[in-house]
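Chemist: Spelled out, the chains give:
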Amino acid sequence: MTAETWQDRVFAALRQARVRQVGYVPDAGHARLIELAHADADMHAVVLTTEEEGIALAAGAWLGGQRAVLLMQSSGVGNCVNMLSLPLNCRMPLLALVTMRGEWGEFNPWQVPMGSAVPAVLAAAGVQVHRADRADEVADMVAACAALAFDSAVPVAVLFSQRLIGAKVFIQ
Amino acid sequence: MTGGKLDRRAVVATLLRDPGEMLVVTGLGSASYDAGAAGDRPLNFYLWGAMGGAAMIGLGLALAQPSRRVLVITGDGEMLMGLGSLASIAALRPANLAIAVLDNGRFGETGQQPSHTALGTDLAAVAAACGWAATCTVDDMAAVAALASRLRREALFAVLRISPAEVPRHLPPRDGARLTSRFREALNVTGN
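Chains as they are written, first to last, in this note's numbering: chain H, 1 to 172; chain D, 1 to 192.
Isolated chain D, as found in the complex:
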């Protein structure tokens, strides 16, 4: 497997164009860099650790803020570490939570070792088998714009097959306490 051909920065820039009040959680590593490169904002919560936790942070957030859209953007390795969370989320079926997995079939941060998605695991099929009603895999840029719109409307689990090519590092803020404070201030929930 050689991974997909989509440019990860172009994909994430499209998913996060005019984000409005969408709540965005990104998995550690390149997904956080991509989201930061698309434009830092208080309602982006970047993980720099806690591998495997992005989807469940999205669930807690979606349950707490049912009138807002929540989008989790993460990589294949991070999603694989939290595979069980696909079952936990499907058990509740929150209508306002979507997940986009940037799948390059690699552990990109650690030397480009092939991940399970390059070795036979189909994450969209896993999500469907866990009970996600809407899943898809996208591998051309023409479909990404339409996907961006669906991710803001549907409880969708989407896999985007991106190129494993490395892109320049873009490092968003990494002080977790600051990221938390500014997120809660932007949501006006600091009194809770």
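For reference, chain H alone in the conformation it holds in the complex:
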């Protein structure tokens, strides 16, 4: 039996928000959530080839009366930009949980340009952006952002900072 982690609490918040579809492009920072989603008989876990598929998946879920979440890494935000016109035009919710790269202790310079641009790109595309830096605030922030997204039918992204998830280690 391992101790409950902040990722477990985030998953509980998603369940509490009645999220039934989880679209994801994998990231190490989301590994626990992805595992929990696949193990949950009430959830559809959908692996995506590219992040914008998840925006469209969430739109279809909403049309059909279910709630979805999109899990991705910061590098995927740029892939989503035009597809964000879908929730905005259709006054649909979107809840995206974005693990950040290219900031705290990043080893890979290729992660820096997109990671640095994420808040501005999302804001420019009409997405409300919130950022979690501490383990003790993440689950509450996800719960609040889920309420904002689904009750007010707006696109919302929660950025999980790289300091929170831990910098990827390339040299062991």
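Don't read these hints as lab results, they were simulated from the structure.
Glycine included, every Cβ here is placed at the ideal spot set by N, Cα and C.
Just to be clear, a hint being listed does not mean it is correct.
FRET-style restraints, in silico, Cβ to Cβ [said to hold, decoys possible]:
| id | chain 1 | residue 1 | chain 2 | residue 2 | range |
| --- | --- | --- | --- | --- | --- |
| 1 | H | Ala147 | D | Ser181 | 19 to 25 Å |
| 2 | D | Arg150 | H | Asp151 | 36 to 42 Å |
| 3 | H | Phe107 | D | Ala134 | 43 to 49 Å |
| 4 | H | Ala120 | D | Ala186 | 37 to 43 Å |
| 5 | H | Asp40 | D | Ala186 | 41 to 47 Å |
| 6 | D | Leu92 | H | Arg163 | 32 to 38 Å |
| 7 | H | Ala123 | D | Gly191 | 49 to 55 Å |
| 8 | D | Arg150 | H | Ala39 | 33 to 39 Å |
| 9 | D | Ala134 | H | Ala144 | 42 to 48 Å |
| 10 | D | Ala143 | H | Glu137 | 56 to 62 Å |
| 11 | H | Val81 | D | Asp18 | 38 to 44 Å |
| 12 | H | Lys168 | D | Lys5 | 52 to 58 Å |
| 13 | D | Pro114 | H | Val81 | 25 to 31 Å |
Covered stretches of chain D, going by a simulated chain H footprint (3 or more residues, C-beta under 8 Å) [to be verified]:
| id | region |
| --- | --- |
| 14 | 50–63 |
| 15 | 78–88 |
| 16 | 171–179 |
Following the hints, put chain D in place on chain H, whose structure we already have.
Modeler: Frame of chain H, contents of chain D only:
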């Protein structure tokens, strides 16, 4: 390549005849016009943008409504922009989702430039290679009626080789918020 010979309006009118409670998602451009011309209804969701998203909207809808049939009707250009979604859908194999691609081998909205399907890409073969168990390509009207029935029963990916001839514009509603509201109201899911 000169495209197919099927009349796109006749094809879509056949696919959508007596639609009952079938849930229909159409890709931007002519597929949306064709579906609107076949008869506007609340359970038609027309895309006017979000190119490449039609198939995945169909997946989210099919997962949310497993007891309903979902049909995605889109063009070759829109499907090409979302090719990866063929793999994402095949990974889940929803039994209630079918896709019909109206393939004229052209980007019809932008000046009839040849698309990849006119330059060698076989979309039905792509879908099969992604793991779709049932795929077909149809190029004569006699087969379209039978196809319409299969699209309401099977998890089928169908390519219909339509003529690139332009047809009169028929513009369905384009207010996305209204399209969403009326769809959810018709499904009685507004409380979700």
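Chemist: Hints first: check each against the structure and report whether it holds.
Modeler: Evaluation of the provided hints:
A hinted range of 19 to 25 Å holds for the C-beta pair H/Ala147 and D/Ser181, which are about 20 Å apart. Our hint of 36 to 42 Å for D/Arg150 and H/Asp151 holds, since their Cβ atoms are close to 41 Å apart. At roughly 46 Å, the beta-carbon separation of H/Phe107 and D/Ala134 lies within the given 43 to 49 Å, and the hint holds. Separated by about 39 Å at the C-beta atoms, H/Ala120 and D/Ala186 satisfy the suggested range of 37 to 43 Å.
With their beta carbons about 29 Å apart, H/Asp40 and D/Ala186 fall outside the hinted range of 41 to 47 Å. Distance hint for D/Leu92 and H/Arg163: a CB-CB separation of about 35 Å, consistent with the stated range 32 to 38 Å. Between H/Ala123 and D/Gly191 the beta carbons are some 31 Å apart, a value that contradicts the proposed interval 49 to 55 Å. The hinted window of 33 to 39 Å between D/Arg150 and H/Ala39 holds, with their beta carbons roughly 35 Å apart.
Hint check: D/Ala134 to H/Ala144, Cβ distance near 44 Å, so the stated range 42 to 48 Å holds. For D/Ala143 and H/Glu137, the Cβ-Cβ distance of about 59 Å falls inside the hinted range of 56 to 62 Å, so the restraint holds. Distance hint for H/Val81 and D/Asp18: a CB-CB separation of about 40 Å, consistent with the stated range 38 to 44 Å. A C-beta distance of roughly 54 Å is found between H/Lys168 and D/Lys5, which places it inside the suggested range of 52 to 58 Å.
For the hinted restraint 25 to 31 Å between D/Pro114 and H/Val81, the CB-CB distance of approximately 27 Å keeps it satisfied. For the region 50–63 of chain D, the proposed coverage by chain H is satisfied: 14 residues have a C-beta within less than 8 Å of a C-beta in that chain, meeting the threshold of three. Taking a C-beta to C-beta cut-off of 8 Å, the region 78–88 of chain D contributes 5 residues in contact with chain H, enough for the three needed, and the coverage statement holds. Against chain H, the region 171–179 of chain D contributes 3 residues with a C-beta closer than 8 Å to a partner C-beta. That satisfies the three-residue criterion, and the hint holds.
Comparing the model with each numbered hint stated earlier shows that hints 5, 7 do not hold.
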